[in-house]
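Each chain, letter by letter, is given below.
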Amino acid sequence: EKNITLDSATRIELSCRLDSKYSHLKSLRVTWKRGNETIRHINKTENSWSIQLMILDNSKLGSYSCVLQGEEEISAVFHLQVPKIEGKEKPIISYEGDTVVMTCKSFDYAPIAWTWYVTNGSEQIAINDSLLADKYVINRISANVTHLKILKVTKEDDGVYWCEAAFELGKSIGKLKLKVLSLMVPLKPFLAIVAEVVIIVTMVFLYEMYSKKKEKRAEYEKEFDQVEQL
Amino acid sequence: MPAKDSNAPDGGYGWVVVVSAFMVMGLTAAVLKTFGLFFVEIQQHFDELASNTSWITSVAIATFHLGAPVASSLCVRYTHRAVVITGGLLAFSGMALGFLGLSMVWMYATTGFLQGLGISFSWTPAISIVSHYFSKRRALANAIASTGECAFAFTFGPFFQWLISQYGWKGALLIIGGIQLNICVCGVLMRPLASSCLFEASHSETETPPGNGASRIDKEVKSPITHKTFNWMLARRPEFVFYAIFGILAAMSFFVPPLFLVPLSHSLGIDESWTASLLSILAMVDFAGRLLCGWYANLHVTKTVHLLTMTIVLISTSLLLLPLANNYLSLAIFTGFYGFFFGTTVAVHITVLADVVGMSDFDSALGLFMLIRSTGGFVGPPLAGLIVDMVGDYKAGFYMAGATLVLSAGFLVTLDQIQQRKGRVSQTNKPEKPTLPYPSLHLLKLQHRRYQGHDVVV
Chain A
384 EKNITLDSAT RIELSCRLDS KYSHLKSLRV TWKRGNETIR HINKTENSWS IQLMILDNSK
444 LGSYSCVLQG EEEISAVFHL QVPKIEGKEK PIISYEGDTV VMTCKSFDYA PIAWTWYVTN
504 GSEQIAINDS LLADKYVINR ISANVTHLKI LKVTKEDDGV YWCEAAFELG KSIGKLKLKV
564 LSLMVPLKPF LAIVAEVVII VTMVFLYEMY SKKKEKRAEY EKEFDQVEQL
Chain B
3 MPAKDSNAPD GGYGWVVVVS AFMVMGLTAA VLKTFGLFFV EIQQHFDELA SNTSWITSVA
63 IATFHLGAPV ASSLCVRYTH RAVVITGGLL AFSGMALGFL GLSMVWMYAT TGFLQGLGIS
123 FSWTPAISIV SHYFSKRRAL ANAIASTGEC AFAFTFGPFF QWLISQYGWK GALLIIGGIQ
183 LNICVCGVLM RPLASSCLFE ASHSETETPP GNGASRIDKE VKSPITHKTF NWMLARRPEF
243 VFYAIFGILA AMSFFVPPLF LVPLSHSLGI DESWTASLLS ILAMVDFAGR LLCGWYANLH
303 VTKTVHLLTM TIVLISTSLL LLPLANNYLS LAIFTGFYGF FFGTTVAVHI TVLADVVGMS
363 DFDSALGLFM LIRSTGGFVG PPLAGLIVDM VGDYKAGFYM AGATLVLSAG FLVTLDQIQQ
423 RKGRVSQTNK PEKPTLPYPS LHLLKLQHRR YQGHDVVV
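Read top to bottom, the protein sequences are chains A and B.
Sequential numbering of the first sequence, starting at 384, is according to this note's numbering.
Sequential numbering of the second sequence, starting at 3, is according to this note's numbering.
Quick caveat, the hints were computed from the structure, so don't treat them as lab data.
One should not assume that every hint holds.
Below 25 Å or equal to it, Euclidean Cα-Cα: the simulated SDA-like pairs (lysine to any residue) are [to be verified]:
{"hint": "1", "chain 1": "A", "residue 1": "Lys562", "chain 2": "B", "residue 2": "Lys35"}
{"hint": "2", "chain 1": "A", "residue 1": "Lys471", "chain 2": "A", "residue 2": "Leu389"}
{"hint": "3", "chain 1": "A", "residue 1": "Lys554", "chain 2": "A", "residue 2": "Arg394"}
{"hint": "4", "chain 1": "B", "residue 1": "Lys35", "chain 2": "A", "residue 2": "Lys554"}
{"hint": "5", "chain 1": "A", "residue 1": "Lys488", "chain 2": "B", "residue 2": "Ser56"}
{"hint": "6", "chain 1": "A", "residue 1": "Lys488", "chain 2": "B", "residue 2": "Lys35"}
Small disclaimer: the values here were computed from a predicted structure and weren't measured.
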């Protein structure tokens, strides 16, 4: 199996070569298929069979396989795809009122355009940053990288975001998750710890003052005893 | 001349102090070590270069070293307890304000400067007070306290990761700040020892042995003054100077191996997760080394200076042999040796400082030593980087570190020679500096050193 990434219209040649250990097979019939459809133009040499494809649009992408029919059936598959987009697996954590920057990267190939979508319920809604300019800012940092900046994040912004890269041959998406926390969330354990510290410090101080008083009282009593003895 | 305080409890409440010092070391040094986990998060949030983000740690480390002498002199004036509590509050404020995350410069000021200052004000007195509380068992106590750094660093790695995944880096900073507030709890437990200089002076008045009355009164007048201020005269003493030079060379070498271990491991083709395990091995053997060395030094079988020289030689041998490793197993073994002997050195080098300068100047000496040592720490990694770039191989970094350590061992040997010569000379003269408030016990100690039954000068 092989994955081939294509970002723009091109002519491509796929060939299947039979390994020498199979040269004992006699009736060799090789068919190239895409799904159920058989592809005709085959160039054949002694041990290899190839096809030439003109990939002009998205419909031509997909899985192409060469199948050898004979005593055994051997096949190889080629997956022709658009470039993959990297989002972020771990959720991005942000706080209410903060500014979040979400990054999407394309490897090796520069997309023609980037679009960002936010998931509302089950729908994907495109983010129009000129319409909501005080909320969203979309920046294309470089040819391969796009940033979505969300200003003054609120609880409603929590959810799944998609970045879509448009290539000549199709579109590719990456997924990002945004989690919005209120300030109370870290504040609670924080205040608990601070309270614990204050309590322990006070206890230690009180204990020391108490034991010092006891010492002083013991000293006075000792001197008192000594005076009495005299 | 080993510093012995006969009023040092050597146990009892001293162990409470050791435990609090253990925790302070963990809450300061381990946090600094694990801060690297925040790098990527902070860098991405502010959309900054990695080099700009790494300035945060540089500022923290610089402030830590520059603050050490300040902390020491404050210890001398106010109590250790007060300085540690202040340090705890500073560190806490640094992290908690970092939570606001207003800008990169804000991060430099809070998680860099304030945190570094807080760590400096907490760490220095914590180390110092352990040495004050112990005399015979000082090596063991110091070693146990220093293992705090390893133990906490081991757990903070996964813990900080979890905090960041739950609360984001901002929330994590806030919570870590709260955790650092516990430094104040540890500080409160560090009860100042009853012996202050005034106490020494008044006590010696009541127990004057016959004869030498006049010379003793002179010394009483002098001692309160030298104790209350930072003692710059330390720089005149050759033993301190040699030890400080040793410190510089050792610091030049110490920061290099952890820096280059990961790239060296990658260049040998070792996988990332295995490389991470190397660092865990380092932490674990470091812990073991510190404990073992503390226990051994406590047996008082060898002089601490000799012990330190031996450990330095062993580290440099491990470092010079480490480049021979060509696969994971051999690298892990050499890393284990290096980590173990590194732990032994760290465990004992503070005790050696106490033995070199004596307890009366220990606080000032500690601060000054840290300050001088920091120059080595700043010069070492860039110099090693330069050498590695020139040679084109990470192994050169390890050779450089090993060679520097061998050089530093030379200074230790010279220091030992000076001390031995002074010891022989002073056996025929009276001792110069007043060190002990209990003349009777001092008499016993002098008899043990085969003095010729002279009167005691305290």
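Of all the hints given earlier, name the ones this structure violates by number, lowest first. 1, 4 and 6
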